[in-house]
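**Student:** Residues per chain, in single letters:
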Amino acid sequence: MSEPHIETPQEADAANAGPVDRAGPKDNATAKPIGDVLLEVDNVTLRFGGVVALNEVSFSLRKGEIFGLIGPNGAGKTTCFNAMTGVYRPTSGGIRFQGQSIVGKKKHEITRGGIARTFQNVRLFPEMTALENVMVGADAHHKTSVIAALFRLPRHHREERTGRDRSYQLLRFVGIEHRAGDVARNLSYGEQRRLEIARALATNPTLLCLDEPAAGFNPAEKKELLALIRKIRDSGVTVLLIEHDMRLVMGVTDRIVVLEFGKKIAEGTPAEVRDNPAVIAAYLGVPTDAA
Amino acid sequence: MTTEATSSPAPKTPAPGSMSAQEKKNAREDRGGVRGWYGRQPKIVRIVLGVVFAALAFLLPYVGEIPLLGPQIVTQGIDWPSALFNMSYYVLLALGLNVVVGFAGLLDLGYVGFFAVGAYTVALLSSPDSVLRTEWGWLAAVPIGLAVAMLSGLVLGYPTLRLRGDYLAIVTLGFAEIIRIVATSTETLRGDRGFSDIPHPPGEFSDGKPIFGVADAIPYYWLGLAVIILVIFAVRNLDNSRVGRSWLAIREDQEAAEIMGVRTIKYKLWAFAIGAFIGGLGGVMFAGQQGFMNSQTFILQFSILVLAGVVMGGSGNIAGAILGGALISYIPDRLRGIEDPIWHTDLFGFRFAIFGAVIIAIMIFRPQGLIPSRRRAMELKDREKEVAPIE
Numbered sequence: 001m002s003e004p005h006i007e008t009p010q011e012a013d014a015a016n017a018g019p020v021d022r023a024g025p026k027d028n029a030t031a032k033p034i035g036d037v038l039l040e041v042d043n044v045t046l047r048f049g050g051v052v053a054l055n056e057v058s059f060s061l062r063k064g065e066i067f068g069l070i071g072p073n074g075a076g077k078t079t080c081f082n083a084m085t086g087v088y089r090p091t092s093g094g095i096r097f098q099g100q101s102i103v104g105k106k107k108h109e110i111t112r113g114g115i116a117r118t119f120q121n122v123r124l125f126p127e128m129t130a131l132e133n134v135m136v137g138a139d140a141h142h143k144t145s146v147i148a149a150l151f152r153l154p155r156h157h158r159e160e161r162t163g164r165d166r167s168y169q170l171l172r173f174v175g176i177e178h179r180a181g182d183v184a185r186n187l188s189y190g191e192q193r194r195l196e197i198a199r200a201l202a203t204n205p206t207l208l209c210l211d212e213p214a215a216g217f218n219p220a221e222k223k224e225l226l227a228l229i230r231k232i233r234d235s236g237v238t239v240l241l242i243e244h245d246m247r248l249v250m251g252v253t254d255r256i257v258v259l260e261f262g263k264k265i266a267e268g269t270p271a272e273v274r275d276n277p278a279v280i281a282a283y284l285g286v287p288t289d290a291a
Numbered sequence: 292m293t294t295e296a297t298s299s300p301a302p303k304t305p306a307p308g309s310m311s312a313q314e315k316k317n318a319r320e321d322r323g324g325v326r327g328w329y330g331r332q333p334k335i336v337r338i339v340l341g342v343v344f345a346a347l348a349f350l351l352p353y354v355g356e357i358p359l360l361g362p363q364i365v366t367q368g369i370d371w372p373s374a375l376f377n378m379s380y381y382v383l384l385a386l387g388l389n390v391v392v393g394f395a396g397l398l399d400l401g402y403v404g405f406f407a408v409g410a411y412t413v414a415l416l417s418s419p420d421s422v423l424r425t426e427w428g429w430l431a432a433v434p435i436g437l438a439v440a441m442l443s444g445l446v447l448g449y450p451t452l453r454l455r456g457d458y459l460a461i462v463t464l465g466f467a468e469i470i471r472i473v474a475t476s477t478e479t480l481r482g483d484r485g486f487s488d489i490p491h492p493p494g495e496f497s498d499g500k501p502i503f504g505v506a507d508a509i510p511y512y513w514l515g516l517a518v519i520i521l522v523i524f525a526v527r528n529l530d531n532s533r534v535g536r537s538w539l540a541i542r543e544d545q546e547a548a549e550i551m552g553v554r555t556i557k558y559k560l561w562a563f564a565i566g567a568f569i570g571g572l573g574g575v576m577f578a579g580q581q582g583f584m585n586s587q588t589f590i591l592q593f594s595i596l597v598l599a600g601v602v603m604g605g606s607g608n609i610a611g612a613i614l615g616g617a618l619i620s621y622i623p624d625r626l627r628g629i630e631d632p633i634w635h636t637d638l639f640g641f642r643f644a645i646f647g648a649v650i651i652a653i654m655i656f657r658p659q660g661l662i663p664s665r666r667r668a669m670e671l672k673d674r675e676k677e678v679a680p681i682e
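Which chain is which? The protein sequence lines are V and Z, in order. For what it's worth, the working numbering labels the leading residue of the first sequence as 1, then goes sequentially. For what it's worth, the working numbering labels the leading residue of the second sequence as 292, then goes sequentially.
Bear in mind the hints are in silico, worked out from the structure with no lab data behind them. All clues given are correct.
Capping the alpha-carbon separation at 27 angstroms, the derived lysine-lysine pairs in DSS-like fashion look like this: (1) Z:Lys557 / V:Lys143; (2) V:Lys106 / V:Lys143; (3) V:Lys106 / Z:Lys557; (4) V:Lys105 / V:Lys63; (5) V:Lys63 / V:Lys231; (6) V:Lys223 / V:Lys63; (7) V:Lys63 / V:Lys106; (8) V:Lys105 / Z:Lys557; (9) V:Lys63 / V:Lys222.
Using the sequences and the hints given, assemble the complete structure.
**Tutor:** What follows is the structure, encoded as structure tokens:
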């Protein structure tokens, strides 16, 4: 609980500084591509026994935007993510992706359907090389059967080749191509975070969900990450971002939803959300906690 | 040697295609020791070495002819070609179990069950003792035996592969015991009386004598070796494909794998089915050579032994599984007919004690196995790097 509050003063400053470096490049870049509703979270409630992790949460993402999901620790952000990616099944409510319900679908089906994600605490395949990690993601759309792999049929060779090339390109895209041959465990923390993004992108997503991608980053790394997130959006992928760091959120997102104790307490542009009294009370520190 | 591969200036910007080839080469060159050297050789050299190695394996029955060294290697209490044949089906089993345990990371304690299914299917179809009275030839019964073994893998796997770790181990343990108890207590499977006169593989020499006779085990060994070579190619191909990648991903983080689009149940089922198929292969070979089998053949010890072989040799590595499988068969056979100096009994009686000691020693001095998998080798190399940083 204490961590976000320690950061609060800086975050508040950052939030004030936010709009300035946000306004310029973003508005121009995003004005056009934002389009139809891509993902619709409709009245989702998720209970674990007596605990209500999500309480009638609704919001929708539009194609081409960078969408922020914020809130204090334990607000239900990651739970919301997990409901969207099939890890949890909502107790009630619906989640629709590109018009189709994804509630009850298997995790790998949702991934193939176009939702990819990263994890709050990095979950790579530690003994695989960076390239192999990304290739696992690329395999999501490959059709080589076990028989084709067994007998090295042409499809196996073709897909191995295209998969490897594409994975390599993605490593370059996130800026760690020089580590392609190293096992993931040996990569630095920042490189591992980037590798996770590359792996998720390899599944060819329409929507990329990043779960606190900047956790543990220094300011310089955060800045690079910000650029990367914009680059991803500009390549045509909608981005959903869970983040603690207000500077990052304010600087990069188009719209934000704020959760607290499993309930949505605010929604709007970064500027609107920042001025919302409920958000200030909930997120930026409350008097009772000040001591 | 390690740094030249990882930090070479080459991987900056060349075309993706050439890049990946370079990466692949780097991954091979990364390895030290014999395998690192082997990996750096041009393809033609590697093929020639492979062929030479296979040829030497085919000549193993004659190793006793080598002066001085030969007699140390060959077994005394059991004729050498028979010992070699025993090794060959243990190696097959180890290769199959390695797919399940080493590649997919599914702990299977009842692997002998598939061996039994393969052997019993052949016996039922071909032995005159069988209620079926079909009395097929061995070769005709083999495909059915393999199919049934594979099917049994799917039947066992489908409901149980949602379990993980210890739970899966218990279920597979139960499976093997069920097979054994059913074999012991059902009339059709003839319990201890077993099946006799299971036909041998077909084939005759020009003088009319069968190739696969009772006395000479060499042809069986060669057959086993040929099957092993085919299995090695098959397993290697799978390992170096998206299938192997999926298995590894499942082993390392099942949930993350699933979220990256890996169909975990499907690939785990395949691992089970392939393992069962190879286990069945061992079973049909065994039935074809022995000519007789009963329910006592398929005791639990068998499963544990094969698993010990895989772990001892190096779980997840094909060469390791081969070595481990060969050792678990060779060590006891080599002990046969040797008198221990204190009680003057056959050392064979102490095989499990000696085995236990050997396994404990290996686990202490080489916990990753005799020939560890590439991943393990890398892990070790990293540790070395931490100790003595270069650059």
